[in-house]
Amino acid sequence: MFEFRFYEIWRSPEYVDAILNGCLTSFTLTLIGGITGFIMGLTLAIIQLPQNPAIIRLASVSYVEFIRNTPFIVQLFFVAFGLPLLLDYQWSFTTSALLAMTLNFSAYFAEVIRAGMNGVKTGQYEAAASLSLTRWQSLQYVILPQALANVLPSISSQFIFLFLTTGLISEIGVEELTWSGRFVADRTFRDFEVFIVLTVLYMLMVYIYLGGFQLIKRWAFPWWSDRR
Amino acid sequence: MSDTEAAEEKFAVEVRAMSKWYGDFRVLHDINLTVKDGERIVICGPSGSGKSTLIRCLNHLETFQQGYVSVNGHELNEGMKNVEAVRRDVGMVFQSFNLFPNLTVLDNCVLAQRKALKRSKLEAREIAMNYLERVKIPEQSDKYPTQLSGGQQQRVAIARALCMEPKIMLFDEPTSALDPEMVNEVLDTMIGLADTGMTMLCVTHEMGFAREVADRVIFMDGGVIVEENKPDEFFDNPQHNRTKTFLGQIL
Ligand SMILES: Nc1ncnc2c1ncn2[C@@H]1O[C@H](COP(=O)(O)OP(=O)(O)OP(=O)(O)O)[C@@H](O)[C@H]1O
Ligand SMILES: [Mg+2]
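So the protein lines, in turn, are chains A and B. Using the numbering used here, read the first sequence as starting at 1 and increasing by one per residue. Using the numbering used here, read the second sequence as starting at 1 and increasing by one per residue.
Chain B with its partners taken away, still in its complex shape:
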């Protein structure tokens, strides 16, 4: 990519011809994906298609072997130093919440602010309470995660990520582990976040959410991006047979 092009458009995420292998198995095949600041992307596809692997490459939880990836201006590569600097700009929410059971809700939100961002205790607590209010559970701040419902835990996980004030948020099936009655509280939180203009990449099969907030929906299968379109087009007029089959299964 030339300098002039780079100057023209600054991407939050830029993935070019990226491939990843597990041993001999090619999980990701020649992936190209660019995401602009403030864009909301929904990624869907059948199990094992590489959705998680793709977004986990963006904060270096996974490494890739071929291609170019840059996140918020940082180029990522296999043996890179200073991964922490990249991760500071990228928040992640996991399917299984992954709250720290040994810390209270408040301390879950405070820990990385103190240790990674070196914020003062007072400031970190204030920011944490701020985001806990945003996800509507400030009153639970002194509890331990295991004392909360799944939906509440996931909202804490979102608040915890937001406390780092990331530029980009990654969601890996954030509602898949939840009881049905708790899905909406988490989706509402995510919609609220989208309204603030956050750049978001969400792996999810919640198609209502995709229609409401996504700028683009990406369909993956077998480690390849098969199709990519605006939500309405994507759902009402899928181009590929594999997309049609998939949508037929989940809708």
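Isolated chain A (complex conformation):
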């Protein structure tokens, strides 16, 4: 029978450090990538609004489609190895990871936010217009707050999903949690135990993020009631 030997991992401070650092790296990189990706996604979604010139709307739609239909790993390699060659400028792998995550997250967020804006009732646009607010003012003060509140649950699940794919950035040598797991497993040969520890840690971080989303909901959308 298989015998669990978690102490093989705990007994070495080096392994514990690697895992804790991995957690921290995964958590903060995803957090930063999530924020920058959200800002970029919001921009992409706003660009797609019908009042904008067809050409830039098309550019935004194409970008979103392209990202969503290519594997993250390919985007990551392009940013880490292709882009530096093209631009003749080398940046760190962490920077590459962050950039790739931003570019990737933004497309998914744009799609969700766009759906949220479509979901705001036309009556809201009309009421804002009838009060002689400009389109941009209506968007800013009336439509976007409602759209974002509508899609906060989708944004949070999309974000969690993307977080769970960030293990891929270990492929370019960023020392995040998946990388640390492999590092420890290679040295202890306790793959199964490491796998379990990683699962628990990923889940723990997911719950921290979900708690964060609850706070955002309460702080940013105090008017939101679950009545609908």
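Treat each hint with caution, since some may be false.
Claimed, not checked - Over the 10 Å line for every Cβ pair with chain A, so calculated as not near, a few chain B residues:
#	residue
1	Glu84
2	Asn102
3	Met129
4	Glu139
5	Asp195
6	Thr196
7	Gln239
To be verified - The list that follows gives simulated cross-link-like pairs (lysine-lysine, DSS-like), each with its CA atoms no further than 27 Å apart:
#	chain 1	residue 1	chain 2	residue 2
8	B	Lys167	B	Lys121
9	A	Lys217	B	Lys167
10	A	Lys121	B	Lys115
11	A	Lys217	B	Lys143
12	B	Lys10	B	Lys36
13	B	Lys143	A	Lys121
Hint data in this document are derived by calculation from the structure and do not stem from the laboratory. All C-beta atoms, glycine included, are put in the ideal place defined by N, C-alpha and C.
Model the placement of chain B with the ligands on the given structure of chain A, informed by the hints.
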């Protein structure tokens, strides 16, 4: 229209030979309508007759393809710039209230004052509270719209429109979405507004209201203004068969 005519009479709303199409479908057919300052018009007619479309053309929520429309001296047309200037003079109240759920009652009333009229926060709040008092719900000012009853929401919507100090108020079936027991509080608010001399165009089937405040009742059917008369004449002595049938259905 010649200059002399224009000088003689200044209309709050002037619609001449106006037509509107949705694709091939002609929703409004050769509409002629003039409304003087301070006049109160009630528009009624069967569902789909174009009542909403007509009043929504007056604040450019809809565009029309033929004819002439001017509102408070501004001529409206399809690709016009500076729509906001026209809308500043025209308040609108919708069937489904359309309050902004993300803002408190007070902020619903303050937002456009601040952003469109560039009033100071203090002034905007003062004016908002003033109108909320007028519609008799100042004590709800810190609540969110969803915490109010339908009748209260509609009164806030009226106050919100009035905060912009419009010259003309448009109402599109303001009581149709309300529970029966809340209809009167909204109608009373509208009657109060009529007493201040506001120019009003109301799409409504509340015939008691029409009799009490309307200077003229307009009956539309199939995108056409079929009949137009003083309320008593209109109700007691309708001229057209279509009007008679309609009145027979709703009274
Ligand atoms: N966006 C649109 N596209 C196509 N047809 C439309 C559109 N909006 C309204 N219509 C049609 O135009 C006609 C007039 O509509 P309108 O809403 O003005 O009628 P109404 O008199 O206000 O009716 P109700 O009493 O039901 O509100 C209807 O036949 C309707 O189906
Ligand atoms: Mg209507």
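Hints and how they fare:
1. Non-interface call for B:Glu84 relative to chain A: violated, since the shortest CB-CB distance, roughly 4 Å, does not exceed 10 Å.
2. Here B:Asn102 does not stay apart from chain A, with its beta-carbon only about 4 Å from theirs, under the 10 Å limit.
3. Annotated as non-interface, B:Met129 keeps its C-beta farther than 10 Å from every C-beta of chain A; the closest such distance is 18 Å.
4. The Cβ of B:Glu139 sits about 18 Å from the closest Cβ of chain A, beyond the 10 Å cut-off, so the non-interface label holds.
5. Distance to chain A confirms B:Asp195 as a non-interface residue, since its nearest Cβ pair spans about 23 Å, more than 10 Å.
6. Every C-beta of chain A lies more than 10 Å from that of B:Thr196, the closest at about 20 Å, which supports listing it as non-interface.
7. With a cut of 10 Å on Cβ distances, B:Gln239 stays outside the contact zone with chain A, its closest approach being about 34 Å.
8. Note on B:Lys167 and B:Lys121: the hinted pairing holds, with a Cα-Cα distance of about 23 Å set against a maximum of 27 Å.
9. Restraint check: the Cα-Cα separation between A:Lys217 and B:Lys167 comes to about 40 Å, which exceeds 27 Å; the hinted pair is violated.
10. Straight-line distance between C-alpha atoms of A:Lys121 and B:Lys115 comes to about 22 Å, which keeps the hinted pair within the 27 Å bound.
11. Between A:Lys217 and B:Lys143, the direct Cα distance comes to roughly 18 Å. Compliance with the 27 Å bound is thereby established for this hinted pair.
12. The hinted pair formed by B:Lys10 and B:Lys36 meets the criterion: a straight-line CA distance of about 7 Å does not exceed 27 Å.
13. Taking the CA atoms of B:Lys143 and A:Lys121, the gap is about 21 Å. The hint holds against a cut of 27 Å.
Of the numbered hints given earlier, the model fails hints 1, 2, 9; all others are met.
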